[in-house]
Structures are given as structure tokens and as C-alpha cells.
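Top line first, the protein sequences correspond to chains Z and Y. For reference, each letter of the first sequence is one residue, going 100 to 305 in my numbering. For reference, each letter of the second sequence is one residue, going 100 to 305 in my numbering.
The set of hints was computed from the structure by calculation and includes no laboratory data. Keep in mind that a hint or two might mislead.
Claimed, not checked - Simulated crosslink set (BS3-like; lysine-lysine; CA at most 30 Å straight-line):
1. Y:K149 - Z:K133
2. Z:K149 - Y:K149
3. Z:K133 - Y:K148
4. Z:K149 - Y:K148
5. Z:K148 - Y:K133
6. Y:K133 - Z:K133
7. Z:K133 - Z:K149
8. Z:K148 - Y:K149
9. Z:K148 - Y:K148
10. Y:K133 - Y:K148
11. Y:K133 - Y:K149
There are 2 protein chains.
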Amino acid sequence: MKGADARQRILDAAVVLFARQGFDRTGMRALAEKAGVNLAMINYFYGSKKRLLTEILDIFFAGYLEIARDELAATGELSARVRRFVRRAIAFFASHRDFMLVAISELHHDDPEIIGHKAAWARQMLEVMEESFAPSPAAAEEMHLSPKLMAPLLTSMMASRFLFSPVLDRVDRDPGDMVELERYSEIIAGIVLHGITGRVARGVDA
Amino acid sequence: MKGADARQRILDAAVVLFARQGFDRTGMRALAEKAGVNLAMINYFYGSKKRLLTEILDIFFAGYLEIARDELAATGELSARVRRFVRRAIAFFASHRDFMLVAISELHHDDPEIIGHKAAWARQMLEVMEESFAPSPAAAEEMHLSPKLMAPLLTSMMASRFLFSPVLDRVDRDPGDMVELERYSEIIAGIVLHGITGRVARGVDA
DNA sequence: GTATTGATCAAACGTTCGTTTAGCCCCAGG
DNA sequence: CCTGGGGCTAAACGAACGTTTGATCAATAC
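Based on the sequences and whatever the hints tell you, model everything.
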């Protein structure tokens, strides 16, 4: 069954090209060439270009949602759950960088099919968020930390480094000032929990 | 001088279509029709489709940078500066919503001309950030709040509501749970400063 | 009155797009 | 042996793309 190879190579090439050039800028011919397959094989395996995109979206959202379920909606202190969630999610963003860029950079399209597809995933994520923040101290309710606010906020915060890096890498004011992933996770978790003026949130906290 | 009208109408239509459909999905003919001008007028005024995009980018980045300079890099307590910056920036994002969506949603393109254009703006923003966080207490240095981390982070946090709203609006689990802009600004500023577990950061603080 | 200039237009340029078709190759099942 | 069908291909489809051209029109300058 040689077909499985080709099918996978198409998806690998697609996620790279979609992330770097955008979905619309990426032509089927360039995609076929990078994947090393014939042009017609793409629609043979995936039916259409759009279906190929939704498959990429599903891979990312399924992985992201699973992490949220595992860590954020578990039992235990809110701060510990947030810390573990942020660490795993950022590691996942890094290992699936191009999947993530496609998933949250290709947001603007009016296409009701794509938007509906994403909304189905978002609905599940909102449930996790609600479950995770609902039994929190009254402060959360008081601050209006609704799921519809927290889900985009947490995602944006963790993704910010990857979202802007194509531009920031070309600035090069001070190369080498990019913190490594492990510490990046701690910083983001610290800010989520205590903000930038809060006590230094490295390591364990109360 | 009827031309100024047409030129402005083209830009108005472009920013709406680019934000809703994306730059690549928006054709010159659809753009011309929405603007109520002849197809050839777009390149007559702007030279090319890409030049029209850079003009939109400049409008957004110039406004955003000015706010950062005014509020963030001013004198005074860090928390007060952050609070005022967040408030003004979010108001600017809301009033220039489509400009912002184009500016930060159209990030993936490999096009060196566009990336270089954005990098020039990012360089200035990083200078403001450095200036704003450099004379902070040692905690900032300790937490590695480098400009290259803070600039994308703050921007992403404030933009998260607008970035994901096309999808979230279609979820409709609990319509009406979207907080209004004024309170949204306070919440974001509170999280930036004190996190979600910090003391409730509404109103004045020490 | 005539030349100049900038705004506007319809039409066409060549290219690239996503998709489809018709057929080849090769191997398992009868 | 042959017969199907899945993997695979070259070629073509019509449509849409961004851009350019040459002409027309109105108003200004000489």
C-alpha cells in the first residue's frame, strides 16, 4: 500500500506551505511538487483543497483539546492546573507549530464551512474552560473570567511567541534574547496567574 | 477633485474585505465593485494590490505605536502606565477592528516585502517596550520580560477577543455573555498586572 | 481655442487557479 | 489466463486572477 505514504507526504507538505504562505497563496501544483506526488493525487486522497485544510485543523484542535481536558479540567488547585496546562500546551504548540499557525492564523475567512468546523471545536473547548474556572473562588466570577474570554486569552498568550516570530526574527535588534521554551512556559504561566507585577512566579507557589 | 473620494472608498472597502475574507481571497474585481469604482482605478491610485495592503498596515501600526509611546513609555508607575495603555489600545483595536485584523492576521506570508515592512514597525515597538520595562524593579529582569516577549504578548492578549470572535460568535452557547469593551479593558489590564489569581484589580490599586 | 492634465472607463493581456477526465500500470482473486 | 480495481499519471477544463493598455471625458492653463 504505497498510497498511505503519498497521503501522509501531502499532509506534511500542506501544513508547512499553509503555515508559511497561507492557505490561499499555496497552489495545488506547488503543493504536489513539494510532496513529490502528482497533482491529481491531492484530490484523489482528500477530495478537495478545503478538505485537506479541515484535516489539518482537526489534528491541531484534537490535540489541544485533549491537553485542556487532561490538565485544565482535572482536580486540584487552579494554579497547579494552569501551570501544567500551559506547559503542555506550549510544548504542543512548539511540536505542532505549523498546525497551530494554520489553525489560528486562518481565522478570517467568511467560509461558513470552515467557520462551522472551528466552532464545533471551540464549543468543546468552552465547555472545558467553564468546567475549569467555574468552581473557582468568587474572584473569578467577580472578574468576569467567562469561558468566552479565557479560552481565546489563554490561547493567544501561549501562541504569541510563535505568531509573531516570522516578523520578530527579521528585526534582529538583539539576537539571542529569545528565551527557551521551558522558561517561556514558566513565564507565561506566571503572568497568567500573578501578572507582571505579581511575586516572581518561578517554581512552586502556594 | 473627485479622485480623493474614490481613493478613500477603495481603502475603506479593502480593509473590510481583507479582514473578512483575507487578502488573497479578495479579488480586485470584487473590491472595485464594493468601492463603486472601476477596476483599473485601484492600481491607478495604489499601483498594486500589495501597495494597498501596506497602506492599511501603516495606518494601523502608526496608530498603535503612537498609543504605546504616549502611555506605555511615559513617566509614572508601571501599573498606571499599563492600565492606560491597555485601555487606549483596546479602544483603538475596536475602532480600527478591521485594520487590526488585517495587520495581525496576515502574518504568515513569506513575502519579504511585507515582512520587512512589518519588521520596521516592530522595531520601533520593541524600542518602546524596552524603554517601558527597562527601569522596572528587578523582578522584570528576573522574569525575563524582554521586549521581544512583552510586545507580542500584550498585543495578543488585547487582540484575543477580536481575533476569535468570528468563530466564537457562531458557537452561541450563552449569547450575551460577551463583556462590554470598557470592562474588557479593565479585565485585561488586571490580568496583565496581577494575573487571574491576583487580587481583584478593578479600579485603583497601589 | 487649443494644449495639458488627471480621472475614468471597457477591454484585453497572459498566467495561474482548483478540479476533472480518460487512460495506463500492476497486482490480487477468480 | 484474465479481470477488476486501486494507485497513479498527463492533459485539459473553464474560471478567476492581477495588471496593462488605449481611449474618452472634464476641467484647467496658456
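Could you work out which of the previously given hints the structure breaks and list their numbers from low to high? 6
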